[in-house]
Amino acid sequence: MTPLQEIWVYLAERPLFALTLTLATWLGAQWIFERSGGRAWANPVLLSVLALSVFLLASRTEYATYFEGAQFIHFLLGPATVALAIPLYHQLGRIRRNAPAIAAGLATGSLLAVASTLILLALFGAGPLLLASLAPKSVTSPVAMALAEQLGGSPPLAAVHVILTGILGASFGPWLLDRLRIADEAARGLALGVAAHGIGTARALRESGRCGAFAGLGMGLNALLTAAYLPLLGGLLSG
Amino acid sequence: MLAALTGLFACQLAGEFLVRALGLPLPGPVLGLLLLLLFLVLRGSVPKSLEVTANGLLRHLGLLFVPAGVGVITQLEPIAGAWPGLLVALVVSTGLALAGTGWLYARMAHRPKGRKA
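These protein sequence lines are chains E and C, in that order. In terms of the working numbering, the first sequence opens at residue 1 and continues consecutively. In terms of the working numbering, the second sequence opens at residue 1 and continues consecutively.
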């Protein structure tokens, strides 16, 4: 090995490398997103995940090695979730006034997500493992993984589809809502949170504090609602 | 800023504890969010440093999902075997959930004065 290769092999194994690479990729993806004028395909989460996945596969780096460095970023998800209390607090008045609209939108979106997933997968001939793993895919990942397991699905498979759903909704959701002429910031936020959980909420926060607050609300309420009714479908799935 | 960060961690810790102690079906950080919200309601305002720290964290919320997102590469095999169905189910169901929630809320919500629908 040349000295340069030796240095590379050493650094590639250190947490600092994965950490720096993730931050730099994110900054680059954000630059592209802003330069593109906020296009759906240029969503920074979508671009970063794609670029880093291609890099890891091409360099044959194990995900576990990568995560040793990336975990320091991942760790901040907890306190960031708690911090959603601040935009929510600023919107409490509006939330109280619109409680019936929130409940109706939440229940409709949650049931549509679960029912259409199950029907479409069944039409494509997917087995019970996929049905159970994907049923809770609009729900934030810790709850979705627990629900998938309860239904006889695979938690890692559930987590991956939760993430893919979030990236898809966050990237193309605002575009779809524009096409449907849904301009109300609260409506857009609630929809992004119910359909695309935390990644949708991250996108909603870019539109406005109100949009982000309603997304956080949609994410939290959809986790609670789906956890309440999905286990009742368990018999249906296995039968 | 350090006090605000400590407060956020403390709320998460309390949330994680209560979720396990009471066997609740929601993640610890979400309960931590509710605890912080309760604190803010009782206090009647948001401390300035907490507002600044929270905004800083939330401005880059998307970044925090990237490490978990890259985990997709660990599940490429089961996905590759069934990808047409998975793709259709993901796209259609996410679109329906977005449209259904957004449309119904926008129809039912009170319109603020002087704003377009």
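Hints listed in this document are in silico derivations from the structure and should not be mistaken for laboratory results. Incorrect hints may appear among the rest.
Unchecked claim - What the simulated footprint calls covered on chain E by chain C, stretch by stretch (three residues with Cβ under 8 Å from a Cβ of chain C suffice, anywhere in the stretch; the number is not a length): (1) 2-12; (2) 142-151.
To be verified - DEER-style ranges, computed between Cβ atoms: (3) Pro15/E with Leu38/C: 33 to 41 Å; (4) Leu2/C with Ala183/E: 34 to 42 Å; (5) Gly81/C with Thr2/E: 39 to 47 Å.
We put the beta carbon where it would ideally sit given N, CA and C, even for glycine.
Checked hints:
no.	hint	in the structure
1	2-12	violated (count 0)
2	142-151	holds (count 3)
3	Pro15/E with Leu38/C: 33 to 41 Å	36 Å, holds
4	Leu2/C with Ala183/E: 34 to 42 Å	40 Å, holds
5	Gly81/C with Thr2/E: 39 to 47 Å	41 Å, holds
Hint violations for this structure: number 1 only, all remaining hints satisfied.
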